[in-house]
Amino acid sequence: MSRVKEEDDLVTPGDLISEGDDSADSGAYEENNKIYSKYLGTVHYSGQNIEVRPMSGRYMPSAGDTIIGEITRVSYSRWTVEFNSAYEGSLNIADATDEYVDLDEDDLSDFYEVGDAVVIKVKSVTEGMDVDMTMTDKRCRKLEGGRIIEISPSKVPRVIGKKGTMVKQINEKTNCNIIVGQNGQVWISGDKANLAARAVKKVEREAHTEGLTDTISDWLDEELEAMEDE
Amino acid sequence: MTSSDEDIEWFDDEGKRVDGREKDELRETKMEVDVLTEADGSAMVEVGNTRVVASVFGPQELHPKHLQESDRAVIKMRYNMAPFSVDDRMSPGPNRRAKEIGLVAKNALEPAMEMEKFPTAGIDISMEVVESDGGTRVTGITAAALALADAGIPMKGMVSSTAAGVVDGTPVLDVNGKEDKEGNADIPIALINYDEDGDHQGEEITLTQMDGDLTQQQVEDCIELAKDGCRQLHEMQQEALLEKYQELRGGDE
Amino acid sequence: MKLNQKTIREMAEDGERLDGRDMDELREITVETDYINKTSEGSALVEIGDTKVLVGLSIEIEEPYSDRPGKGTIVTNAELAPMARRDYESGPPQEAGVELARVVDRGIREAEAINLEDLCMVEGEKVYTVFIDAHVLNDDGNLIDATSLAAMAALKSGYLPAYDEETETLNRDEKWKDIELQCEPITVTGQKIGDTLLWDTTGEEEKALDARLTVSKKKDGNIVAMQKGETHPLTADEMSQIMSTADEKIQKLREILEAEVGE
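Residue numbers (our numbering), protein chains in the order written: chain C, 1 to 230; chain G, 1001 to 1253; chain P, 2001 to 2263.
Take the hints with a grain of salt, since some may be wrong.
What the hints assert, rightly or not - Covered stretches of chain C (chain G as the covering partner; in silico rule of three or more C-beta atoms under 8 Å from a C-beta of chain G): (1) 45-57; (2) 213-223.
What the hints assert, rightly or not - Under the rule of at most 27 Å between Cα atoms (straight-line distance), these lysine-lysine pairs were calculated in the DSS-like manner: (3) C/142 / P/2126; (4) P/2175 / C/138; (5) P/2071 / C/202; (6) C/202 / P/2207; (7) G/1065 / G/1178; (8) G/1023 / C/5; (9) G/1227 / C/5; (10) P/2002 / C/123; (11) P/2175 / G/1178; (12) P/2207 / G/1178.
The set of hints was computed from the structure by calculation and includes no laboratory data. We put the beta carbon where it would ideally sit given N, CA and C, even for glycine.
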């Protein structure tokens, strides 16, 4: 077995990663006992499994993801949710609330209206990409105020950080409330929301560099000092 | 052969072409990725004086619904030349030639893309020719492949594209505007490329067209020339894609 | 997202914007002339923030209109390329492109930036037509100002190719003369969200826009063209405010233009 690329190497589509006994996981494919990359991304070995994590790509809904979306339609017994994807989600009345709802009497808009931004969970995704959503997780809620910015879904883990350390750091230094959706939509609320937003974008840009937590920490300190001098 | 063809000295005493190039030499080529912020992926490629900007939006919802395919994505491809991209102004908007080019370009890129990953979705690819001096469709395809990679669309390899032609009986690589107009053939080719540890490979040709009057041997020679040109372009595509991230990493790749 | 629109409105009331700019602060502006090397007789790429507009001139030689035998023509056209924004992919809004072209054109025409008689080659027979083609590549708001600036830069750095009387065609490799501008109108747009006036709105801010007023002024300060846009009304007072504040914005754009193309 010969590995042409090492852990964390950057590869482009069609680049040979390894020849021999390895097998192709997400982002890679196999042909004639050789593993190639499907993306511009980074190589990751896990035993004999090879994964390529893409640098970019629009969100593909996956069961269990907590995301930020917008209600775009209210029907008789369900809502439609869009979340920056090729696919939209369906929120059924049963998954929306624990309250008893009489469909003939109550108006679903009393709960969620068109235009509402929500933190919502992906319940299930079929092969044909029918997406069902649920609000019954305790993190789910309607969002009021603040702003929503977009980052690449592939950078979400970095923005959250190991055990949430990166987003926690930004929260604390800017005194903001930040919710990062797996779909790359990030809600930020607070006085220094603009600074927090810039910090998030900086993490996104420099996601693949080393020592990022310290870099961001130092950068935030500098920016805060500059703001005080004004 | 037109009378002007006889007047032009296509090769000088040292065998160099009208613009100083060797028979198998590409024009000066520049590539840049992520040139537009609204698109999901984008790239600009300049080959000599030909300059094309390509963009990708997707996967995204496809409208109208009846065009959706239940098990794969559908590509919508647009090729357009800006009015100022040619000497004599072109009317704005794609004409019939543009629509044909859109179709062959789509067919050049689709075989490399993992379409089944995005059932019912649409992927919109756009090529705007900003300046034209021969080889706009092939330059557009090379740029579109970069834009697709920039957008994170999974592909088995990178598609690159160039044209070979015959000028004064000799096969040449990457015909410029003048050689195309007055020369004897134009054969655009697109190839799916792989990098096997520095060895740029690929035998899958996804675009072939021809305009001219040649022997089979000449055609085959042109195809070989073009394939080699495609591999050279592939190397540049890789550099362009990695460049954005290389800088920040300290260039230690 | 609608949440952002609401926040933009609320912040505007407090004189604040999402990107931290002052209400009358312009984004970074760059102008690059001669962007097209060979096929255009004058060109400019303008970036305002992330908005990117390319203008290329095409010069043709044609017969004059019978009622103006000694005058050439200017034609302005604008394309909102589908690549410029996600919601343009299914076909850009037709009226927006037409309005953009006509507003940019009006500023140039009403100021008589070009003396149409200068474009006459042979009276009654051959005159120059200057096509100003704008191609919007990336739309992040304020297209009118970006396109007008690019058009001015292209004209200021452009030339008329030589006319070969024998073949009765243009020799594009030879310059007859530079395009001479009699005056240089600059166009800027003031915008309104709620009751707050602001300048240089981004794509996102534009979604919350209630009204806008575009003003084109000559160097002597006279206004040659105006256009009110969007669906809400403006008071006469707001219009006067925009016309006055326009002066310093115009001055800034003029400086940027002259830095690139000279006076």
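Here is how each hint holds up against the structure:
Given as covered by chain G, the stretch 45-57 of chain C passes the check, having 4 residues with a CB less than 8 Å from a CB of that chain where 3 are the minimum. Remark: the stretch 213-223 of chain C is not confirmed as covered by chain G, as 0 of its residues place a Cβ nearer than 8 Å to a Cβ of that chain, below the required three. Restraint check for residue 142 of chain C and residue 2126 of chain P: not satisfied, since their Cα atoms lie roughly 67 Å apart, outside the 27 Å limit. Of the supplied pair hints, the one linking residue 2175 of chain P and residue 138 of chain C is violated, its CA atoms being roughly 72 Å apart against a limit of 27 Å.
Between residue 2071 of chain P and residue 202 of chain C the CA atoms are separated by roughly 55 Å; this puts the pair beyond 27 Å, and the hint is violated. As the CA atoms of residue 202 of chain C and residue 2207 of chain P are separated by approximately 26 Å, the hinted pair is consistent with the 27 Å bound. Distance hint between residue 1065 of chain G and residue 1178 of chain G is unfulfilled; the C-alpha atoms sit about 45 Å from each other, more than 27 Å. A threshold of 27 Å between alpha carbons decides the hint, and for residue 1023 of chain G with residue 5 of chain C the separation of about 35 Å lies outside it, so the pair is violated.
Simply put, residue 1227 of chain G and residue 5 of chain C have alpha-carbon atoms about 26 Å apart, close enough for the 27 Å limit, and the pair holds. With a CA separation close to 24 Å, the supplied pair residue 2002 of chain P and residue 123 of chain C stays within the 27 Å bound. Taking the CA atoms of residue 2175 of chain P and residue 1178 of chain G, the gap is about 21 Å. The hint holds against a cut of 27 Å. Only pairs whose Cα atoms come within 27 Å are accepted, and residue 2207 of chain P paired with residue 1178 of chain G is rejected, the gap being roughly 47 Å.
Violation of the numbered hints given earlier is confined to hints 2, 3, 4, 5, 7, 8 and 12; the remaining hints are satisfied by the structure.
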